[in-house]
Structure formats: C-alpha cells, structure tokens
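**Q** Sequences listed follow chains S and C, in order.
Residues are numbered in our numbering as their position in the first sequence, beginning at 1, plus a constant of 1.
Residues are numbered in our numbering as their position in the second sequence, beginning at 1, plus a constant of 20.
Bear in mind the hints are in silico, worked out from the structure with no lab data behind them.
Fair warning: this is a prediction, and the values are worked out from it, not measured in the lab.
Ideal Cβ placement from N, Cα and C applies to all residues, glycine included.
Check each hint, because a few of them may be wrong.
Label pairs and their calculated CB-CB ranges [said to hold, decoys possible]:
#	chain 1	residue 1	chain 2	residue 2	range
1	S	R101	C	K259	37 to 43 Å
2	C	E178	S	D62	22 to 28 Å
3	C	K259	S	F168	56 to 62 Å
Among chain C residues calculated to face chain S with C-beta under 8 Å, some are [unchecked claim]:
#	residue
4	V56
5	Y85
6	Q97
7	V100
8	S101
9	E102
10	I103
11	L139
12	D141
13	F142
14	D168
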Amino acid sequence: MRTLQSQSTDIYTEYVRDWKEKGGKVLGYACVATPVELIEAAGILPYRIKAFGHPDTELGDAYLARFNCRFCRSCLQLGLDGTYDFLDGLVETNGCDHLRGMFENWQYVKKYDFFHYLKVPHFLREDSLEYFTEEIQLMRQAIAEHFGAEISDDALREAIDAYDEVFAKLKQVYALREKVPPALTGAEVMRLICTGSSMTARDFSALLDEVLSEKEGARVPEYKARLMILGSATDEVDLIADIESTGALIATDALCYGSRSFWSREGESGDPARLLAERYLGNLFCPRMFTEYEKRRDYILETARRAGVEGAIITYNKFCDLHGVEAVSLRMDLEDAGIPVLVLEKDYGSKADTGRIKTRVQAFLERLGK
Amino acid sequence: MYYAGIDVGSLTAQAVVINAKGIVAYKSIGVKPHPVQSAKTVVDMLIQEQGINWNEVKFCVSTGYGREQVQAEGLSQDNVSEISCHGMGASWLVPDVRTVIDIGGQDAKVIRVGKGGELVDFVMNDKCAAGTGRFLEVQARTLGLSLDELGTVSFSAERTLELSSRCSIFCETEVLHYLQRGHTKADIAAGVNRAMAERVAALVRRVGLEKEVTMSGGVAKNAAVRAELERMLNVRLIKYDTDSQIVGALGAALMARKMGGGS
C-alpha cells in the first residue's frame, strides 16, 4: 500500500506519466455520469479530475465567483496553472452549474483541441434514456473522429466487462471495510478509489487484486464508532483522515468519489450504447436527478444498514446547492431510521478549518456516547 | 479532593476547580500565543492567587480548541469537546436548561442538552463571521461605537433600519450607506443588532428550541441582541449567576469529576 499512498494524491501520477511517455492520450472528466467505458474503448485513458483539497484558487477565482463551489474552483485552478497540461481534452457534463462553469472557463482559457459536452438528462424516463443513448453515440462519434479511433461494439462490450470486473472487486474492498473488525480505514479506501480513477480498468483491476490479498487479514486499530459519510463531491483524503483521527471510523460512504462511482451499473440492453445509457442514467445516485430522491434515500439507508453504522456525517461544500438542499431531507430520513446525523457544511480544501471540523466530529461522537 | 477543567479558547482561557460540593476557584485570562502556555499560565495564577494546591487535583479535563495539546503536555488526563462541556456546565448552573446558545468571537453554537446535561444535539455556525461576535465588531467599528455602546445605543432608536444582507462585509457597506444618508447611529445599531439576532435565531431553529434557554459568550452581554432574540424566539433567556465565560471550563471540571470517580 505504500506505493499506492505515495501516488494517489499526486495529480500527474507515475502511471499517467508512463502512459503519456508511451504516446497514450488522456481525457479528463469529473462527473460520475461520464461513461468511461466509451473513452477506454477508444484506447484513451479516462482521467477523473481531482484537486485533493488543493487550497489555492486565485486563478480559478478570476473566472468563477467566490460563491461558486470551491471544489470546482480548485480543479479550475489546477487546470489553469498547468498542473493538468498533460490532458488531451475534456469531457464536460451538466452535473451541476458550478461544474459547467469550471469546464467552460477551463476550455475558454486552455482551448483544448478536443472538448465535448455530454448532456445528461435530469429525469429517468424512457424518452430520457433514448435521448441519453443518442448523446452517448454523439460522444462516441466525436472521440472516434477526433482521435482517429474506431470504437466498435465489441470494443465497447470489452470495456464494459473490464469495468464490471473492477466494480465487483471494489465491492469486495467495501466488504472488507464494512466488516467487523474492518480491514481498511475510510481514508485508505478513498485514496484507492482516487488512484483507480486515473488508471485503465485492467490495471486498476490488477491493483485491486494486490490490495485485496494484502488487506484480507488486516485489521484497523481501535476506533470509537462506525460512521458513514455522504454528501457532495469531495476527494479530500485528508478530510477523511482528520475525521478518523478523532476516533471515528468511516466504515462506508455514499460519496461520488466513493461508492456512488461504482456500486450499481445495472442495465439489460444488448446494444452497448443503450446499455451504457441504462448503466449510468439508471444508477445515478445524485441530487441532480430531480425525481429520484426515494431511490437515493433507499440506497443510502441500505448502505448504512449493511455497514452497521452508528451515525452518519452529511458533508457538503459551501455553496453546493444540490447537496445543501438534499441534506435537509436526508437528515430527517436517516434520523427517522434511527441513525443520528451530523451535518457538516465545510469549505473545500480549507486546512485552517480542520480544528472546527474535528471539534464537531468529536462532539458528535460524544453525543453518541463514545 | 479537587477536580479541574481547563478551557483554552481562541481569545480567552479559563480554569475551574471544583470539589464534591461545587466551585472552589476559577480564573480567566486572555490567551497566550500557544495553548499550552495559556493553560500553564491560568493554572499558575489559580495556584498563586487563590492558594489552590494542584497536587490535590485528582482528575483534570481540557476543552476548547487547545484541548488536545493541553492533554499531550500532561496538564490534563482527558479532553472533551467544548460543545459537550458548555452543555454540561450550563446544565449544572441552570438545571432545567435544555437549550444553550453560546456566541463567541468566532463561533456560534446552539446546544441541546438532556436532564443530566448530556449532549442531545448541536449546531455550530459554518465558516463565516455572520452570526458571531466578529459581525458586531465590524459594524461597531464602522459606526465608531464600542461594542458596549452598540448594544445600549439601540435602545434609543426611533426605528430599526433594515439590513438586507447577513454577510459581514456586505453589511458594512450598507451601514456606511445609511450613515452617508444621515440616519442616526441608534437606528442603524438597532438594525445591526436585529440582523445579528435573526442569524442566531435561524441557528436555534435549525436545532430546535426547547425551554429553558440560556445564553453565554461575549454577545450575551449585548442587551439589544438578547432582547431581539427573546422577542423572535418568544422565550426568556436565563442569565447565569456566575461569569458566563467559565461555563466551558466548569463543564470540563464536572466531566473530570465524573471520570475521576467523584460522581
């Protein structure tokens, strides 16, 4: 795990460096609704954009307002300061308005030769599935034309199978973290998922084999309480580590840089483009899906029950409209289910706020009698 | 046999010593550059000025933002969050209390406690000066008033001016705008105090109000904010009959007594 830990909070990892040196192309995406199988079927490395709590935003602030989500401003900062210059293009989605602002300003300044806007419907209906299937075909066409890569149905099916293998192994990792006693901490799991989001499915699968065999008999040190964390997009491994330093164990999560990125990818169509539409739109546990609250709530409650958590932390980045609003209903539903909740609104990447966050988590543990 | 609590906050540090019956001694000081230095100083002063024999302290709990460092230095045997300590301290001082409003220079907390002072729920302000003492400081400075005057002057207001923004920075520009248009400081101060109370009331509503209610922290000394809050929440805010600044350290001492086996 030492190699993994040293790599994962770098943006330009050794793995990506090797990929580029061999002449490989890399496409950046951020939203969990992006069908990465399509990118990988074209022989391109899909790279999920991260900022790992990067605290500076001065370049990002020149294009986005201070009341935009700081995760987006931090990612934009790294896009503009050259950290992400290894990318060969960007795939934007309408995940949320802050994210769109990030992508479009990034493209406005950097002017990548390849920039594609994948429009993701906000409803799950037959007509929206048809629409999203067309959108996926347009993305397929755009990548194929620009990179001169043929994306056959067979290649797509192969990529889908490769990702299914990864997702199955990630579920095994979650079984190890959720069991009593747990074999991995929450910070370790987030680090692992972030690392994998900058690798091909095949290589991530091999890494997961190593991790699974290494962690099978492992046991994390003593902890006071098993908690779940859920909420808005965050890749802050340090935040999870800070929370866990108070004695809490993040035994599971419903974060989009966590379980929401892989837990369910069900679909039934024989046509790979339609299958991708079903896999992504049908399993998008995000408040941007306006009529899917009950599905998200059930997913969260099921995750909490499976991991036997004693409490939940709903965290969201300041100015995150979607999760800020959703937190109200989720808190009520979790507490109705007998799971105490700490709502933790925070500024993304603010190390100066660590003390206040730890105070709130410690008080929450004390409230739980720990 | 003594039990002690040390509370090192961002602006002040307190130490409280109790025995089986109640408070024996307490001391409050302005903080030193380092939390451990603050803790040592306040304890030394308690020993020197009030003759406390620290060797008789069976168990000590630290709280406040410096709580972990104070424990690491061996000055306390355990640490508890200031949220739990404020709840415990308030409950000891006012046994029927169920809601504790604590508004300091940088933090605003609303704490719900049970019958024995145990923590039931809490809410703490987000990383923003609005709704904290800092908000009042900024507006008082703009008005050319002291913090005390900001509270008292608003009782002579003829009308309460509306401040549309709760952001400290934007609010400051609105205060300036009113001054330039010739409004009285009293009318503007009344608006500032109401804006402050509205923010705190929102925090209270978020966690839910249950009587009895106490208010502590520096902002509790602003009578106009208290009066606005009492009106908005339709509740009487009970005053402590001791220095409201020692509530956290008192709670820590009570925790120490429990942990140390002194009930």
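**Q** Run every hint past the structure and note whether it holds.
**A** Now the hints, each set against the structure:
1. S:R101 / C:K259: 37 to 43 Å: For S:R101 and C:K259 the Cβ distance comes to about 52 Å; the hint is violated.
2. C:E178 / S:D62: 22 to 28 Å: violated (42 Å)
3. C:K259 / S:F168: 56 to 62 Å: Because 59 Å falls inside the window, the suggested range holds.
4. V56: Because about 15 Å separates C:V56 from the closest Cβ in chain S, which is outside the 8 Å limit, the hint is violated.
5. Y85: OK, holds: C:Y85 within 8 Å of chain S, min 5 Å.
6. Q97: Since chain S brings no Cβ nearer than about 16 Å to C:Q97, farther than 8 Å, the hint is violated.
7. V100: With a closest approach of 7 Å, the C:V100 hint holds.
8. S101: holds (4 Å)
9. E102: Cβ of C:E102 sits 7 Å from chain S, so the hint holds.
10. I103: This interface hint holds because 4 Å falls under the 8 Å limit.
11. L139: Interface hint status for C:L139: holds (5 Å vs cutoff 8 Å).
12. D141: holds (7 Å)
13. F142: holds (6 Å)
14. D168: violated (28 Å)
In summary, the numbered hints that this structure violates are 1, 2, 4, 6 and 14.
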